[in-house]
Amino acid sequence: MADLTTDFLGIKSPNPFWLASAPPTDKEYNVRRAYEAGWGGVVWKTLGSEGPPVVNVNGPRYGAIYGADRRLLGLNNIELITDRPLQTNLEEITRVKKDYPDRALIVSLMVPCDEESWKAILPLVEETGADGIELNFGCPHGMAERGMGSAVGQVPEYIQMVTQWCKQYYSKPVIVKLTPNISDIRNPARAAFAGNADAVSLINTINSIISVDLDQMAPQPTLDGKGTHGGYCGPAVKPIALNMVAEIARDPETTGKPISAIGGVTTWRDAAEFMVMGAGNVQVCTAAMTYGFRVVEEMKAGLSQWMDEKGYTSTADFIGQAVPNVTDWKYLNLNYVSKAKIDQDACIKCGRCYAACEDTSHQAIWMKEDRVFEVNDAECVACNLCVEVCPVENCISMEAVTPGEVDPRTGKVVQGDYANWTTHPNNPSAVQAAE
Amino acid sequence: MAQGHQASGIVAGRLSEDEIASNFSDLHSAYAPHEAAVAADRCYFCYDAPCVTACPTDIDIPLFIRQIQVGQPEGAAQTILSQNILGGMCARVCPTETLCEEACVREAAEGKPVEIGRLQRYATDTLMARGTHPFTRADATGKRVAVVGAGPAGLSCAHRLAMLGHDVSLFETKGKPGGLNEFGIAAYKSTDDFAAREVDWLLKIGGITVETGKALGSGLSLDALKADYDAVFLSIGLAGVNALRAAGEDLSGVRDAVDFIEDLRQSDDLGSLPVGRNVVVIGGGMTAVDAAVQASLLGAQNVTIAYRRGRDAMPASPFEQDLAAAKGVKLMFNVMPVAILGDGAVTGIELEYTNVEDGRVKGTGETVTLVADQVFKAIGQTLDGAPDGVALEGGKIAVSGPGRTSVADVWAGGDCASGGEDLTVTAVAEGRDAAMDIHAKLTSC
Ligand SMILES: Cc1cc2nc3c(=O)[nH]c(=O)nc-3n(C[C@H](O)[C@H](O)[C@H](O)COP(=O)(O)OP(=O)(O)OC[C@H]3O[C@@H](n4cnc5c(N)ncnc54)[C@H](O)[C@@H]3O)c2cc1C
Ligand SMILES: Cc1cc2nc3c(=O)[nH]c(=O)nc-3n(C[C@H](O)[C@H](O)[C@H](O)COP(=O)(O)O)c2cc1C
Ligand code: SF4
Ligand code: SF4
Ligand code: SF4
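Listed in order, the protein sequences are those of chains V and S.
Going letter by letter, the first sequence gives residues 1 to 435 in UniProt numbering.
Going letter by letter, the second sequence gives residues 1 to 445 in UniProt numbering.
The reader is advised that the hints may include incorrect statements.
[Unchecked claim] Label pairs and their in silico Cβ distance ranges:
hint, chain 1, residue 1, chain 2, residue 2, range
1, S, D312, V, A37, 37 to 47 Å
2, S, A12, V, E369, 52 to 62 Å
3, S, S406, V, R71, 52 to 62 Å
[To be verified] Covered stretches of chain V (in silico footprint by chain S; criterion: 3 or more residues with CB under 8 Å from a CB of chain S, positions within the stretch not fixed):
hint, region
4, 68 to 75
5, 341 to 350
6, 354 to 368
[Stated by the list, open to error] One-sided excerpt, in silico: chain V residues whose CB lies under 10 Å from chain S:
hint, residue
7, R371
8, P391
9, V392
Simulated from the structure, these hints should not be mistaken for lab results.
The C-beta atom is built at its ideal place from N, Cα and C for all residues, glycine as well.
For reference, chain V alone in the conformation it holds in the complex (with noise of 0.2 Å):
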């Protein structure tokens, strides 16, 4: 079994799975029973100012959208932060971070944006000894029309203010947790580390209607017959949280800087992937509220197996490799030529890759007597629709073309070197630094 220990700002933990800021969290009797179930680290639900707690719907929160067997894919909610009081959960953590010195927890907070509320709630949770905290500048809903959460998360110049006061108040390390309800993610990014933030996190849910109830003609989780926007999360968000990570991982202003990331982590896969591509661990929130801290085995065995398979002996061996190949399209190799080809052995003649080639995209693909599907090398331009829309996995695969052969669909050699969009003659910035 490999070990999965990780140091992440200096903060040690078991295991890279946290438990994202959400209900998981929210109490002492679920962080206690979530390390008891082998959870790394816990970010505690997010805490506000002293004084009348939030108080939250009392009809539903969730909506939800399914895939096959009503398999959960997005979750979205209309939750506030904590609405127990601020000193009740201080005395929790301090209690359940005694009890567990060697797992991580993070106290999560978001208070107005005036330097007194965060002067007045940083000593207190520094009496705590918890590892450090996180700043909510992320929560879409409910919080930001009261001037907090995404609110803040939206105008960098805010971030870098309130980061700074909190480096100047508490003395462990502080993550900013960012909003992707923004256009360009590296600004946000660039103002947390601006202010001297540790790390970031992300991401936090997005801006979503689930669902419409088409009898009550409200969005849903309907409430006496309204509805308000949510937080989206989920497997179904992880390809957004991916892209965003990878932009601040390759981003020349902050490669290089802590990332805690989060969005639809379900499986070791969906972990691996986020840490390949830039963060130092992972935080779960959805896959806990649909299974149960229990998922966080299978999360810990796949990786584990997965890094003994590789021969990575510990988490810094992969952190961050799979940066430095992601790139901008026009870096892109256009000489790379490549074609579908169907295994006929493993076909089973259903004729999806047929439907989508003919009716939607290069009519690459034939469909032949007795239902022989085979692709036509003059027509595929290797789009890879087919391989997506195949039931069966691995047969249908993109083969490169060897340099020196001839395209059928261009008539032309194909190159071994390498050729991209910027020095490409139909690109007319290319010609221009030609003449």
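Following the hints, complete the assembly by docking chain S with the ligands onto the known chain V.
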């Protein structure tokens, strides 16, 4: 005296009421909505789907399954019924393992096809539970068509004609319509009086007058029908049975399997139905299997099917063979009856072993005797009562194209007509296609 299984002779009450009820419950249970959704999710929505090609009624299977998937089983039923008005019965009785499900790409891929039949039942049951009829009639054409025989072929033809605006008289010799759906299909395939309920529902289209107790050949003549109606459709099935031509055939306890099944289907108290302790069924088709399985389910202690060729040649599909075996029926191959033994009542049957040479069955001379107190003959049904003047072919009414007989303005379909397998779904397809041809003829000037 021994009770239950071990009571000798042909007696009633071998099993308790509960055992009978459980034995004759649905062979394939109905889906609950979530099960249907999961099953529907397995369909790949194939291009030019092979399952559709394999369905004799060309139901758009990927489309109806997708309609179930998106939560509209009633719409799915509409898709099914527009091609096959007896889609509810077909969902229960089609040998899907040799039709749509055999052709399903997932059968090829993993030996586990999409359960098309059960999904079809889910859709049609949902729609029929509403009690409404999903089709309406076109404007009246003033044309009148006689349909003779109210089995699947006749019902399908009559419905389509009525829908197209023609008036239909449906003549049936028996006391009620339905044909073998009502009298022949195994009880565990058509539970809760489904056949009769489906006919009632089908007739809601209107424009169909059912006249029971009217037989072509006695009372009705083809000439008279031709004179009174604009067109005639013959769907009289196969009312005759082949004789065994073995000694002892007329001993008491020897019966045609179809008669036994008819009694069983018409009984409203299966426990009171007498059945033998040692039952032997002669034959190798669906009728043989149905008679044997149902005898076993009634509580017969030993049930044997004696088939004169090898397993590979057996007309009953491997699925039916396995079903028989699972219900405790013993399958004997390469044996043919030589004599039925007994004095007044049957006591046994003497079988001779066979070889098949160049397709012909030959006795080896070696025999075996089985104890039997009941023997069912299931060696094939024959055409009986075809009107004079209509050309035959291979013992059936010769048809070309969509059911055209040798006589002008007379069509035929279903088991009584040449071509196609003798299946409910084939009868439905032939009735429908003949109706379309009749319609084209009647509306062209
Ligand atoms: C025991 C048994 C089990 C079967 N199981 C299956 C199964 O599981 N699945 C499957 O697909 N198929 C099965 N079949 C076959 C299927 O039942 C037939 O293929 C189908 O019923 C044929 O329909 P039809 O309308 O042509 O004939 P029928 O269903 O036989 O209907 C003919 C109708 O015409 C009436 N009739 C006959 N002569 C006259 C006359 N002279 N005048 C007026 N009316 C007349 C009859 O009373 C009957 O109502 C089974 C058959 C049998 C015998
Ligand atoms: C019901 C619910 C409540 C949440 N509350 C908080 C919160 O209080 N603070 C916070 O930073 N994120 C909160 N989140 C966001 C999660 O921490 C996480 O960023 C998001 O769900 C994406 O991860 P996932 O796809 O694993 O669920 C909440 C999410 C859910 C579903
Ligand atoms: S999608 Fe795949 S399995 Fe289906 S026909 Fe194409 S290659 Fe064959
Ligand atoms: S009618 Fe029968 S063969 Fe056709 S799709 Fe339905 S179950 Fe399959
Ligand atoms: S062959 Fe099977 S998977 Fe394909 S459309 Fe038909 S039922 Fe669906």
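Status of the hints after comparison with the structure:
1. D312/S <-> A37/V: 37 to 47 Å: 57 Å, violated
2. A12/S <-> E369/V: 52 to 62 Å: Once the Cβ atoms are compared, 58 Å apart, the range 52 to 62 Å for E369/V and A12/S holds.
3. S406/S <-> R71/V: 52 to 62 Å: Between S406/S and R71/V, where Cβ atoms are some 60 Å apart, the hint holds.
4. 68 to 75: Contact hint for the region 68 to 75 of chain V vs chain S: holds, 3 residues under 8 Å.
5. 341 to 350: Contact hint for the region 341 to 350 of chain V vs chain S: holds, 3 residues under 8 Å.
6. 354 to 368: holds (count 3)
7. R371: 7 Å, holds
8. P391: 5 Å, holds
9. V392: 7 Å, holds
When the structure is compared with the earlier hints, a violation turns up for hint 1 alone.
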